[in-house]
Amino acid sequence: MGYVSARGGLDAIRAAEKLVRTKRLVSDSNWLEEEQILDKLRLLVDRVMGEAGLWEPQLASKAIRQSEGDATEAVHLLRAYRSTLPRLTYSEATDVDDAQVMRRIVPAFQRVPGNQLLGRSVDYTARFLERTADADAREEAEKLRGAERGIVEEKSPPAEEISPRRLIDLLRDMDMLIDRRRTDDPEPFDITRTPARPPAPRSALLSSMSRADTGALVNQWYRNILGPDGYLHEVTLGEVRHATLPLNVRHPVSGDVVTVSHIRVSEVEAIEDLEGIDEDRTRFDVGYGLCFGHNERKAIAMANLDIACHRDAGKTQLEQSLLLTTDALDSAGFLEHLKLPHYVTFRSMIERKLAVRKMRSNEASAHDGA
Amino acid sequence: MALSDLIDHRESTELLDEFAKREIRRATLAAVAIPGYQVPFGSREMPVARGWGSGGLQITLAVVHDDDTVKVIDQGDDDGVNAVNLRRLVTSSTGADESSIASEATLTQSRHRIPEDGLDETSILVLQVPVPEPLRGVERDMRELARMHGEADYSRMWLSLYEDKVRNGVITQTTGYPCLVNGRYVVATTPIPRWDIPRLHDAPFLTLFGAGREKRIYAIPPYTMVEPLTFEDVPFEVENSDGACCALCGKSESFLVSLPNSTTWLCSDTDWCARQRPAT
Chain A
1 MGYVSARGGL DAIRAAEKLV RTKRLVSDSN WLEEEQILDK LRLLVDRVMG EAGLWEPQLA
61 SKAIRQSEGD ATEAVHLLRA YRSTLPRLTY SEATDVDDAQ VMRRIVPAFQ RVPGNQLLGR
121 SVDYTARFLE RTADADAREE AEKLRGAERG IVEEKSPPAE EISPRRLIDL LRDMDMLIDR
181 RRTDDPEPFD ITRTPARPPA PRSALLSSMS RADTGALVNQ WYRNILGPDG YLHEVTLGEV
241 RHATLPLNVR HPVSGDVVTV SHIRVSEVEA IEDLEGIDED RTRFDVGYGL CFGHNERKAI
301 AMANLDIACH RDAGKTQLEQ SLLLTTDALD SAGFLEHLKL PHYVTFRSMI ERKLAVRKMR
361 SNEASAHDGA
Chain B
371 MALSDLIDHR ESTELLDEFA KREIRRATLA AVAIPGYQVP FGSREMPVAR GWGSGGLQIT
431 LAVVHDDDTV KVIDQGDDDG VNAVNLRRLV TSSTGADESS IASEATLTQS RHRIPEDGLD
491 ETSILVLQVP VPEPLRGVER DMRELARMHG EADYSRMWLS LYEDKVRNGV ITQTTGYPCL
551 VNGRYVVATT PIPRWDIPRL HDAPFLTLFG AGREKRIYAI PPYTMVEPLT FEDVPFEVEN
611 SDGACCALCG KSESFLVSLP NSTTWLCSDT DWCARQRPAT
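From first to last, the protein sequence lines are chains A and B.
Per the working numbering, residue 1 is the first one in the first sequence, and the count goes up by one each step.
Per the working numbering, residue 371 is the first one in the second sequence, and the count goes up by one each step.
Honestly, the hints are just simulated from the structure, not real lab data.
Any given hint could turn out to be false.
Said to hold, decoys possible - Pairs of lysine-lysine, DSSO-like flavour, derived with a Cα cap of 27 Å:
1) LYS535/B - LYS358/A
2) LYS62/A - LYS23/A
3) LYS353/A - LYS391/B
4) LYS339/A - LYS358/A
5) LYS358/A - LYS621/B
6) LYS353/A - LYS535/B
7) LYS339/A - LYS18/A
8) LYS315/A - LYS353/A
Claimed, not checked - Beta-carbon label-pair distances, calculated as ranges:
9) GLY369/A - TYR532/B: 48 to 58 Å
10) ARG396/B - LEU85/A: 39 to 49 Å
11) ASP185/A - MET595/B: 25 to 35 Å
12) ARG395/B - PRO188/A: 20 to 30 Å
13) GLY227/A - ARG395/B: 55 to 65 Å
14) LEU38/A - ASN538/B: 32 to 42 Å
15) ARG172/A - ALA400/B: 43 to 53 Å
16) GLU514/B - THR132/A: 56 to 66 Å
17) ARG554/B - PRO107/A: 32 to 42 Å
18) GLY69/A - SER622/B: 49 to 59 Å
In this text the structure is predicted, and so the values were computed from the model without any measurement.
Idealized CB from N, CA, C, for every residue including glycine.
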């Protein structure tokens, strides 16, 4: 018959699973410790937790190890695991002003209350690839361990810098800001339980972006700078922060609010220069971005897109684009499904092409005959 | 204490927590109550990627019982890699049995085919849906799509079919042919071939459509009117194979797929095909 297709599927799947698992677990290099991933690949751990929408560094490091460094695959492992667990409680709202700041940049003014705090950042580090031999690097590491005890033991910044006043408070004092603060306190939209569709509350937009694929959000931002849509102009950043926030829940027995953990977040406030015909030309407006871990790129894109979406006010499909096209698992999963067999649909397509041809040739012969 | 210390590290076979199953059942009941209406639900992440049957899998896991028998096919084939993968997830996480014979199965999960025979009033058919929105080809804006469905304003869909016919001589829509369900909602018929469309009309079985990525569930209850959108003087056409028959079973009354650049045809429903052949 000569008919060969992807049959005998179960054997093939098991063999592929075995190949992946064996090659991952058995190799000549040392076992990759969770601690090493948490420590040496901390930014990847942060990114994966952010895109998974799940703060759990140890599980994230396990996922990164199992996915062999594929961030989207790691996100998938974490979210699929969470699907098996019941949701036991909701956290209490946390005031971001309770954050302990590790890094804080305010590009809008030269001198600001609470100081600039460059912190642990490669922003101004010359990007030279370090080609030091491993042995030399280890030797240097040992020297540093002794010589730079202060850094190694990571002293907190001085107390007055821990929770600096925000630039937007200053701008409010100057009456330079449109005040869009709400007096009611609506429940935030839960994107994990209700699919967000436009028009959606701002909390749906913010949580969608907070959980979005970092690359997708950066692309959305840049597409709106240089792409065909062009809704957006560059904002001035009022705050760029990397900070620690307490995670509070209400105790199930006592009813007291207790801090059960801490999370790290990147937080950005983007000051927008309003220049639309219908906009208040005497004041600024603010966009907000916040995501898990140290991921400033994502938080900046988010803050800029938040204010862009507010100004767009439903005129274009920017909101739909942000709500529906930025999730790592939605886009990657659908893209990769193209690898599945498609021969039923393809057969139907060929049949219609032949039907069009047949119709055209019938018409042609009818014309010739006339 | 770290959060991970609170987690039960024993291997659980459950793919969905009970709250999620309840939520999916509620959405499914709403879908059955309003035939063809796309019910939003809080789609969970599954061990399979979105676009790989995650919506169908969630429905199956939410409605399957230990005493059910499941059949899982992809393109009509029980042995396709994705069918095998989904079937083992269903059977290993529940107590359900498996069968390739549609009449033995109480629940059939399928990607892109309706089994040739065997579905009756005791059957549930779960179809995996990549794109649940039938109007996306004529409108991209979801706000406008919501209005069009809400007001049953399908004029642009009709117009696109008319233009197709005028430009090409035939309606070139291939699979997933748009159908009006119960005289009210236009649905995307997954991409099942047009061959299967007449078999949805007044069918004795319940069909549930699960779109995991787009977070929508919709349904065609038993004995519901399903009309492919076409004009009075343009008959709806199923795939034509010019009298070809299957090289394995010799039958011509099933949906056939062809081999590339060849006159060899095969049944897409592999189990049906096997049952047509004389025992050896």
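Now the hints, each set against the structure:
{"no.": "1", "hint": "LYS535/B - LYS358/A", "verdict": "holds, 14 Å"}
{"no.": "2", "hint": "LYS62/A - LYS23/A", "verdict": "holds, 16 Å"}
{"no.": "3", "hint": "LYS353/A - LYS391/B", "verdict": "violated, 43 Å"}
{"no.": "4", "hint": "LYS339/A - LYS358/A", "verdict": "violated, 31 Å"}
{"no.": "5", "hint": "LYS358/A - LYS621/B", "verdict": "holds, 25 Å"}
{"no.": "6", "hint": "LYS353/A - LYS535/B", "verdict": "holds, 13 Å"}
{"no.": "7", "hint": "LYS339/A - LYS18/A", "verdict": "holds, 20 Å"}
{"no.": "8", "hint": "LYS315/A - LYS353/A", "verdict": "violated, 39 Å"}
{"no.": "9", "hint": "GLY369/A - TYR532/B: 48 to 58 Å", "verdict": "violated, 27 Å"}
{"no.": "10", "hint": "ARG396/B - LEU85/A: 39 to 49 Å", "verdict": "violated, 20 Å"}
{"no.": "11", "hint": "ASP185/A - MET595/B: 25 to 35 Å", "verdict": "violated, 48 Å"}
{"no.": "12", "hint": "ARG395/B - PRO188/A: 20 to 30 Å", "verdict": "holds, 26 Å"}
{"no.": "13", "hint": "GLY227/A - ARG395/B: 55 to 65 Å", "verdict": "violated, 43 Å"}
{"no.": "14", "hint": "LEU38/A - ASN538/B: 32 to 42 Å", "verdict": "violated, 59 Å"}
{"no.": "15", "hint": "ARG172/A - ALA400/B: 43 to 53 Å", "verdict": "holds, 46 Å"}
{"no.": "16", "hint": "GLU514/B - THR132/A: 56 to 66 Å", "verdict": "holds, 59 Å"}
{"no.": "17", "hint": "ARG554/B - PRO107/A: 32 to 42 Å", "verdict": "violated, 55 Å"}
{"no.": "18", "hint": "GLY69/A - SER622/B: 49 to 59 Å", "verdict": "holds, 52 Å"}
Violated hints for the displayed structure, listed by number in ascending order: 3, 4, 8, 9, 10, 11, 13, 14 and 17.
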